[in-house]
Amino acid sequence: MSSTKDVEISCRAFVKLQLHLAKYPHCAVNGLLLARQFKKENKVLEIVDVIPLFHQCLQLLPMLEIALAHVDAHCHVNDLWIAGYYEAAEHLNASTVTSLFAEKIADKILENNTGCRLVMVDNKKVATPESLCFYDKISGKWQKQAQDKIRFEAGCFETLQDLLEHRVHKDLVDFDNHLCDISLHWLNHPVNHLIVM
Amino acid sequence: MAVSWEEARDKLRELRDSNVRDGESVVDLGERLVRKYSSKLGDELWLVCEQVFIAALDVDRDDVADMCLEKLSSNFPKSSRVMKLQGMMLESQGCADEAEELYKTILAQDPTNAAVRKRLIALSKWRNWKNPGATIKMLTEYLEVFMADNDAWLELADLYIAQMDYDRAAYCMEELILSNSFNHLYHQRYAEIKYSKGGKENKELARQYFAQAVKLSNNCNMRALYGLLMTCTSLCGKVSQSEDSKNKQYATWAAKMIAEKYNNTWVQDKDVSLDGKKNVTPSKDVPQLMASVQQSLSLLNLQDGVA
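As given, the protein sequences belong to chains A and R, one line each in that order.
One point on numbering: in the UniProt record's numbering, the residue at position 126 of the first sequence is 126, and numbering is uninterrupted.
One point on numbering: in the UniProt record's numbering, the residue at position 60 of the second sequence is 60, and numbering is uninterrupted.
Please note: incorrect hints may appear among the correct ones.
[To be verified] Estimated spans, in silico, between C-beta atoms of each pair:
(1) R:Lys246 with A:Val97: 37 to 47 Å
(2) A:Asp181 with R:Leu47: 22 to 32 Å
(3) R:Ala2 with A:Asp181: 20 to 30 Å
(4) R:Gly94 with A:Val126: 11 to 21 Å
(5) A:Asn93 with R:Gly199: 30 to 40 Å
(6) R:Tyr37 with A:Asn93: 52 to 62 Å
(7) R:Ser92 with A:Lys141: 37 to 47 Å
(8) R:Ser92 with A:Val126: 37 to 47 Å
[As the list claims (entries may be wrong)] Derived coverage of chain A by chain R (criterion: at least 3 residues anywhere in the stretch with Cβ under 8 Å from a Cβ of chain R; other residues may be distant):
(9) 44-50
(10) 57-70
(11) 73-80
(12) 177-184
Just so you know, these hints were derived from the structure itself, not from any lab.
For clarity, every value in this text was computed on a predicted model and none was experimentally measured.
Note that CB positions come from ideal geometry on N, CA and C, so glycine has one too.
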């Protein structure tokens, strides 16, 4: 049994995930967490980026498979790996227990990405760092990771507040948006530039 | 920066017609319109009031919601449409029981009021989020009466999809395709459901419907193009040899169409797209993005080699 690594989340990853939730407060949403390949042996899992995927009919597989192929290719070119899958339920009071579908997808990603996490969003705590519940697969089961094992880059909360005030969440692009209009890209370069500034 | 009242009115009209749920924009545009320009709007004021009211509930702006509801209630004291809005106000305040009672009173007078029946279903969806079965039952009963309500069929399909009940979801889409046989979005969604169900026969069916969606959309539906590519590559090696070569042919065609679309959007347009608006993706990022598209397309076609 391997001990679970601590997780560190970059400002960019945290902010983009929260912007995705803010753009579609009335929908269930999902997406992927990315980490650097060459740091895979480090003692801490550093999440550096987030790819927002869908906000309608999450449980349909074809476009999810397409999205995974795209993100895989992006990871391959940029020396990254898919280190997690996140899902937020539609209902405000929904529990943060892992959903059947989320487990199925996370298991699938885990096959090729050892150490991948499952993140369920606690809708009632949204926009705070505590809204992200991390699960790790230990001895065949997705088990919740203690909150004190999850760290966030300094200043990420302030950056998020600032971007929400400027309504940047409207400009965030997920894979659903990309499929409707391919000139919008799910890497969200324009939003990335704003987060750095 | 400031929008003229005419521009605000036109923008709100556009949002009403397109059915986009964007409470923030609607309240931004509509608040000033309702407060200061209500006399200029004529009869359109009431539509705007209703629109801004619902948007205000969505973004938790009680002051704006109150103002709109007051205007509507004083002008249409007995309207069931305004009573429905009062019910929605109750819902937003967490008074679900009171809202339910109000809706039932309206229905007692007017049993065919579809909008109010749908509010009751929405209320049930909110209350019974742990047990979608109750909502599904209400929605099917509603559809027995209002069979032509496309949005309701779609909602029912979504509820089934959320439970991964792909067979029942497919049935809903069949109903929609029967009554709207030229809508490519319904064909595409049906194909996605069949693919998700899995198995060779379902994938073959999915391929047909993706192909039909591509045709009906004039090769514009990206989901359908990707779907066609996916189904063809995943069917390769699982069917007879003559079918196999057809699948390869379709997959190659779909991949070519997809690559072309990305080329047209990103490479040739530079910083400004065809309709004149600034491209969101800066041109210096395009080579990297195109490389990743090419890579993923070849990744998808690779499956065909492995199979």
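Each hint, compared with the structure:
1. R:Lys246 with A:Val97: 37 to 47 Å: holds, 45 Å
2. A:Asp181 with R:Leu47: 22 to 32 Å: holds, 28 Å
3. R:Ala2 with A:Asp181: 20 to 30 Å: Roughly 28 Å apart at Cβ, these two residues keep to the hinted range, so it holds.
4. R:Gly94 with A:Val126: 11 to 21 Å: holds, 19 Å
5. A:Asn93 with R:Gly199: 30 to 40 Å: holds, 36 Å
6. R:Tyr37 with A:Asn93: 52 to 62 Å: About 40 Å separates the Cβ atoms of Tyr37 of chain R and Asn93 of chain A, which means 52 to 62 Å is violated.
7. R:Ser92 with A:Lys141: 37 to 47 Å: For Ser92 of chain R and Lys141 of chain A the Cβ distance comes to about 39 Å; the hint holds.
8. R:Ser92 with A:Val126: 37 to 47 Å: violated, 18 Å
9. 44-50: n = 0 at 8 Å, threshold three: violated.
10. 57-70: holds (count 11)
11. 73-80: Result for this restraint: holds, n = 4.
12. 177-184: Since three or more residues must qualify, the claim that chain R covers the region 177-184 of chain A holds, with 5 doing so at under 8 Å.
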